[in-house]
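**Student:** Produce the complete structure using the sequences and hints provided.
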Amino acid sequence: MLLAPTEYVRPGSLEEAIDELGARPGARVLAGGQSLINVLKHRAASVELLVDVSRLAELRSIDVAADGSARIGAATTYRELEHSAPLRASHAIIGRVAAGTVDRQVRARGTIGGNACFADPASNYPPLLVALGAELEIAGRGGTRSVAAEDFFLGLWRTAVGPGEVLVAIKLPPLGGAGVGYRSLQIAADSWALARAAAWVGPGDPIDAARVVLGCVAGTPVRASAVESKLIGGPRSAQAAAEAGALAVEGLDPPSDVHASGGYRRAMAAVMAARAVGDALGLAEEVASNGR
Amino acid sequence: MSAVSGSSTVAADRERLWQVLSDPAALGATLPGVDDVFVEDATHFSALARPATALGETRIHMDFEILEERSGEYVRIAGSGRAGENRVELNIELHLADAPSGGTAVSWRGDLTLRGVLNSLMQRGASAIFNEQVEAVLAAGAAGGS
Amino acid sequence: MKAETTYYPAVEQNERLGAYSGQSVPRVEDKRLLKGQGAFVDDLWMHRQGHVHFVRSPYAHARIVSVDVSRAEAQPGVYATLTGEEVGVLQQPYFQMAPEPGGLMKDYCMAVGKARYMGEPVVAVLAESAALARDAAELIDVVYEPLGVTLDGVATIEPETPVLHEEIGSNVAWHGVYDYGDVDWALENADHVVRIDRLHFHRFSSAPLETTGALVNWDPGTGEIEFRTNNQMPMFAAMFIGPAIGVGIDHMQFSSQDIGGGFGIKITSYTYLTALALLSRKAGRPVKWSETRWEHLAASAHGNERTFLDIEVPVMSDGTILGFKVRAFDDAGAYLRYEPLGAVIWSQVVPGNYRLKHVRVDYTETLTNKCPVGPNRGYSRLQHLWMIERIVDIVAKELGFDPVELRKLNYVQPEDYPYETPNGCIYDSGDYPTMLEKALELIDYQGARKRQRAAAGTGKRIGIGIGSTLDSGTNNFGQSRIINSALPFSGNGEAAIVRLDLYGEVTVTIGTTPQGQGHETTAAQVTADILGMSPDQVHVAAGYNKAANTYVGFSGTYASQFAVTGLGAVMGAAEKLRGEIIKVGACMLGAEESDIELADGFVRLAANHEVAIPFIGIAATVFANVAELPGELADSVTLNCRYVYRPPFTVPDHETKTGKLTLTYASQIHAAVIEIDEETGLVAILDYAAVDECGRKINPKIVEGQVHGATAHGIGAALHESFEYDSEGQLLNATFADYHAATALDVPDIRYDDIECPSPFTPNGAKGMGEGGGAPLSTICSAIEDALPEGAHIVFDTHNHSERVYELLRSAAAKGPRGVEVESR
Amino acid sequence: MAGEGGAVHSIEVTVNGETHQVAVEARRLLVHFIRETLGMRGTHIGCDSGNCGACSVICDGQLIKSCMMLAVAAEGCEIETVESLGEGADGLDPIQAAFKEHHGLQCGYCTPGFLLNAKTLLAENPNPSEAEIRRALKGNLCRCTGYVNIVRSIEAAAEAMR
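Chains as they are written, first to last, in the working numbering: chain A, 8 to 299; chain B, 399 to 544; chain C, 16 to 840; chain D, 3 to 164.
Check each hint, because a few of them may be wrong.
What the hints assert, rightly or not - Below, a list of computed lysine-lysine pairs in the DSSO-like style, where the Cα atoms sit at most 27 Å apart: (1) D:K102 x C:K475; (2) C:K372 x C:K412; (3) D:K102 x C:K716; (4) C:K465 x C:K423; (5) C:K598 x C:K561; (6) C:K46 x C:K716.
Said to hold, decoys possible - Per the computed footprint, the stretches of chain A lying under chain C, defined by three or more beta-carbons under 8 Å from a beta-carbon of chain C, are: (7) 9-19; (8) 192-200; (9) 268-276.
The hints are simulated quantities; they were obtained by calculation from the structure and are not laboratory data. Glycine is no exception: its CB is placed at the ideal position from the N, C-alpha and C atoms.
**Tutor:** Structure below.
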């Protein structure tokens, strides 16, 4: 419960934040703190300087453009995502996933940017952001750059955000008529997900475009390319969805932990993938709690 | 206890890479997140490793012993250390071979054991972080060697 | 009635209970708790106090080669440290209840020489703040020499395994055979014998939301040690601590006000209290310790893990189950902190709810490199009761009996009470068939069977489960002689004081340590009835305080007994006070005692209510105007009445392992309808019903609340709460992020009903309750078994997370061994 | 309160309407600030991983877990704790009264968190279904009641407040 000594600063602007981060290799961004503070409490890791960006106006806006694309400030809380009307119109899935994330208390403080930067294999947004083809906007001394979600997640608790950089925003392309599915499995209501799957399927019939992404099965979200190419050009059928499962986990060897063996996790990833694709095809839909 | 393994191909040629890898002091100097490298003798050295993630750094004081080596191709290392009240134990072997397309192909395999509450907290991630550290060492070795 | 004559001396039921006893009177405790005014141990402080952090062993088994505290002690703000080496000098090993060789164990408050489980305290650091203590702890250099670990509660007895305690020479803590009736005859003569390879009861904890803590001060001036702590059995703790550190019980003061749940887990905190006392003496300061959650999960106490092997069940063709034979291995973890009492407590319920006549249990208590076990809600009985319920369901399934009819056939019947079990325990009252009927109604049993058939082929499977359990209460500590004939324990008891204060206030002090069970409220209810007033006119002192002189050797709150022992003591004291008030009142009114009655806080003439004296008049006279009274009367009253309730126990027999081990037998019959998702193995509870019987209820709402809580613990344990160690003995779920305590979304709405079968053996007809017997563990397993496809493996574990259910579902297709065989003749 | 080492910041925080100007170490958690620095003991600690919700308080109108927020990060915030509920030393607000009437608490350790959870829930949704109440309570653990009577208490409070 008791953190190691650390320093704290709450910069007034993004520029100041970048300066603070640049000045100290041991500095880290503190947003909602709903993951970071717990890690520090157990002294599993320590941080020299916490740079609190949670109140930076530049990081807290939700802008939905006329074309249906959205730009979400990295320090936007789950609660804000859950209640954003524009986002509900453009990308309802973002709010739905937010609404099922952990609990009210965490949703009031936790941020989508923090979730992405935590980059835990069990985190809820990474697979979804990859499936939606999101771009992540990173600012640093060198200016601002955009990284595709697929290239953003480098490994467990590591992302493309380098030393001295800050994740500023998450940009979502317009959904058009595409369907999105998101599925997640936990042992209990408040536990780590064992398997997650997100699916994005274009409006065409036969299917013209698809992205299927798994979570919890490796250090980073895993793109199920085999499923995607099988789906594209095929019918929007329940059978297509059912077949997606086995195909999605081909060649995967997920890790084991106290909650699930790798084998079970693999089997569940297949089930979640099939269901998510089914949801994206509009065959079924479930709004479930999706754990931590 | 979790198994660790991986492989990567680095630009440096085998002899040069080996030279750097087998010189902890020089290596330590070029390594990100490794300080206080102290070489006791030909087979014993210690270091403060600070694997860095988005969540900060975990400071691990490690003592290493080179158990077996065949110059330029193979080394087996045992390490033990502590992170706060937790303990870390490590057994790893590295194989070096000339990569067909030039450079050196390195593969490693071993096991990593965390003991203490850290083990419960890091069970999903310890081996992944370790493998990334090895890649960092090789990269640094390659850099030092090229 | 034969109850009184045959089994126990006649018990007079108190006629005066009624106006308030039996009513759901709102709890007096609630106001302060709702206002954030409760006083929990972490809310207390003392001048000059230091804060303690324990450095714990990261190894499950390791020799402690050296400890260097110099860098830590050099830190500013660090007051002192305490090492295992010092403890080895300052403390005598704790008294052991086990006979030799298990009793040879040398157990200390911290690791001395070697650590035997991950999380065992190795060094204690005392500093100005908890944060500084933790900072300093990181500077303590402990050199460990890792040793081999033994983790399997059965395999640990094999010759090649590492031995935890050299002085014992093996990992067997205790072994005994309980043999009742003639099980060999039964197995030879039965029409069928059902053989079950293995059943496993997993490790979990009721994990109270408030962790263990204490504020301890060893006063150098008086030599007295003050323990302000949430330990839930203080005098038991004192009996361990005193001899260990050479301090008399008279020099130890214990107190607590509000305790944030206990469920038994806080009984064995005496080891930490010992370390804190030693540290306080060394530092010359009060020391404060609040356990973190990971410390609580890794190193307070776990519930007993038990493995049942080679179960053989003789069954007659009509479904009569004659009994069973089993080898049981109870895994006590690294030390015997309350054990091996668990090796006998289960025998309070040898036949469960059934008329089983022939039982043989070959019982071995073993040691492993895991957290020591301690009493945990349903302690030792729930493991045994779960096994019996598994037997009944498996017999029904294998021999084609209806699980409902098979239970009704084998249940102890209403006309059987008082019912003597094969080992001489007396079930006081009950009606299991009626309870089962009620439970089935609550889940719409017939409708559920229809839904079950309708679900076929939908990818979902419906299962219906039943769990029948007992909550044996008010135990006879003489049962400890069954495991060690030399133990000087027997009977039980509880003390209470009811006093008329100077201005006529009625004050009650009790010897228990309530943790949410509403003792202040129920004590006020019975006192009010006996003294003819309303509960809000009765002041019950909050919490426990040894200085109140209201305790006996086994005072505390545990083992489902307050309604009998605690309230029995309060009622006895209130009756004594009533007698004194009437005596004084009669004298002052110049009337016969028989003409006097008590009402509304007055002593008055039954015939003429105008002739009355308020209690203040009685009190003022006795305490401040005593010369007005005749000397012999004045000498015969104190208005300060202490009473010790003593259940009518005799000493059980060591040789035959028989005797009256508990006074009351509350019962629970649960029923559930679950739905299993075939693709994932996830279990969803669709309907859940709990029917309770605990004799006469003093406060029905409190009883219902206890049933809800016990049910939630069982459901959590059945589906997602389990302590898991890896092959190195590392606890893998040491925080609430990985130990999945049940949330409001995991526990369904519980449909509750009850029946009342007053106990003939208690002064108020009540039975102790609250532990619940782990009924949900039996119920959920029963429901999963019911949902599995033909040919599937039996449900063999109490813990059935989605992956295990997934495997069970697929075991049918695998056509492997099913864990059960039937021999029919 | 003892010094803890590390950087110190002077912050201004309003708790239950009273504004405090205090120096706190950067590493100090809001829950320790409330319990130790301010000496208000109604906010409890039940875990070290942000799961149990015993430390729940209201921060600028929203329910949060005070063990996952640094005190320095609460600079300028309005905090409400259980001590703010009900009139004076003895008064119970409708939610507290409902918990008492429906036996929505046993040991009482988790209760402050549940009360504040219920307060923010009913402020947003005066007429919640049982499912909505259970969903809202997910972040608060109770080991005594099995939640049944907590849900009933909140349903009753909602009715009383309508």
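**Student:** Each of the hints needs a verdict: does it hold here or not?
**Tutor:** Hint check:
1. D:K102 x C:K475: With Cα atoms ~40 Å apart, K102 (chain D) and K475 (chain C) exceed 27 Å; violated.
2. C:K372 x C:K412: With a Cα-Cα distance of about 22 Å, the restraint between K372 (chain C) and K412 (chain C) holds, given a limit of 27 Å.
3. D:K102 x C:K716: Since the Cα atoms of K102 (chain D) and K716 (chain C) sit roughly 11 Å apart, the hinted pair holds (cutoff 27 Å).
4. C:K465 x C:K423: Roughly 22 Å between the alpha carbons, so the hint for K465 (chain C) and K423 (chain C) holds.
5. C:K598 x C:K561: violated, 30 Å
6. C:K46 x C:K716: This hinted pair holds, its Cα atoms lying about 17 Å apart.
7. 9-19: holds (count 4)
8. 192-200: holds (count 7)
9. 268-276: Three-residue rule met by the region 268-276 of chain A, so holds; n is 4.
In summary, the numbered hints that this structure violates are 1 and 5.
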